[in-house]
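Residue -9 is where the sequence shown starts when you use my numbering, and the numbers rise one by one after that.
No wet-lab data here; the hints were simulated from the structure. Be a bit skeptical, because a hint or two may be false.
When the alpha-carbon atoms are kept at most 25 Å apart in a straight line, the in silico SDA-like pairs for lysine to any residue are as follows [unchecked claim]: (1) K159 x I128; (2) K71 x T44; (3) K124 x K100; (4) K124 x I59; (5) K121 x A36; (6) K71 x K41; (7) K121 x K100; (8) K11 x I29; (9) K100 x E126; (10) K159 x S199; (11) K11 x S40; (12) K121 x S199; (13) K41 x Y173; (14) K71 x K100; (15) K41 x K100; (16) K41 x F122.
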Amino acid sequence: MINYSILSIAEAGQVTSSIPKEDFTTDFTFDGSNTGSLIDGQIRLATPGSKYSTPYRPGTYTVTVEGAIDGVAAPVEGDTKHTFTFSFTLTDPCDPPTSLVADTSDLTYKITATATTITPVAWVITPSYCKFNKNEVINANDLGLTAITEPSDDVFSVFYDADLNLVGKTQTITRTATSYSDYQANTDNEVVSTDTITVTYATPCDDTSLTTITSKS
């Protein structure tokens, strides 16, 4: 009878493998029966998203397996024992991610109205454990005026009561998110997504809650 075992796992470019040999499930008993869903001679490694990066790093791994004749006190390589290797690659699910999206509704703001807060829709990246950087830009309208401020990160406020020059004008907020991976091999794989929020300025003159007419005596 030959006993098989995993001797070691080597990770390319690393001193220590982020995958310990104990994490592999094996069926090294060639008896015609299965070990769980494994058939004779199979080796399996489960790689759930919860193990991405911590501890499992994307990369190439080499597994060394030994087969030794049972009952031999001191097996001799090439005679009563033999080792072989195989390699596999863990690809990076964040290089690129599947998607990176946000879609915030546009806004109509009536001049002189109480300041309105815009809280944009949160960016959603898939898989959820991937990373991204974000940036926001408030674009001036064609008059060079802006009624939008950003009092806190990714939260905006709209207020204007100086005159009616902005009526009928629009102004946009451009939000951009760019994915990245700590193991990224190619920046061409970045996913860049844009969420544009359009603010349209409307007249307050048709709104009785904002406009009053007072006669002079």
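Verification of the hints:
1. For a cut-off of 25 Å, the pair hint linking K159 to I128 stands: about 15 Å separates their Cα positions.
2. Pair hint K71 plus T44 does not hold up; C-alpha atoms about 35 Å apart against a cutoff of 25 Å.
3. Note on K124 and K100: the hinted pairing is violated, with a Cα-Cα distance of about 29 Å set against a maximum of 25 Å.
4. Using a Cα cut-off of 25 Å, the hinted pair K124 and I59 is violated, with the two alpha carbons roughly 59 Å apart.
5. With a C-alpha separation of about 22 Å, the suggested pairing of K121 with A36 holds against the 25 Å cut-off.
6. With a CA separation close to 34 Å, the supplied pair K71 and K41 exceeds the 25 Å bound.
7. For a cut-off of 25 Å, the pair hint linking K121 to K100 is broken: about 38 Å separates their Cα positions.
8. For the hint pairing K11 with I29, the CA-to-CA distance comes to about 19 Å; that is within 25 Å, so the pair holds.
9. Our distance criterion of 25 Å between C-alpha atoms is met by K100 and E126, whose separation comes to about 23 Å.
10. Our distance criterion of 25 Å between C-alpha atoms is met by K159 and S199, whose separation comes to about 22 Å.
11. A hinted pair counts as satisfied when its Cα atoms are at most 25 Å apart, and K11 with S40 qualifies at roughly 18 Å.
12. Pair hint K121 plus S199 does not hold up; C-alpha atoms about 45 Å apart against a cutoff of 25 Å.
13. A C-alpha spacing of about 15 Å is found between K41 and Y173, which places the hinted pair at or below 25 Å, so the restraint holds.
14. Between K71 and K100, the direct Cα distance comes to roughly 83 Å. Violation of the 25 Å bound is thereby established for this hinted pair.
15. A hinted pair counts as satisfied when its Cα atoms are at most 25 Å apart, and K41 with K100 does not qualify at roughly 50 Å.
16. For a cut-off of 25 Å, the pair hint linking K41 to F122 stands: about 19 Å separates their Cα positions.
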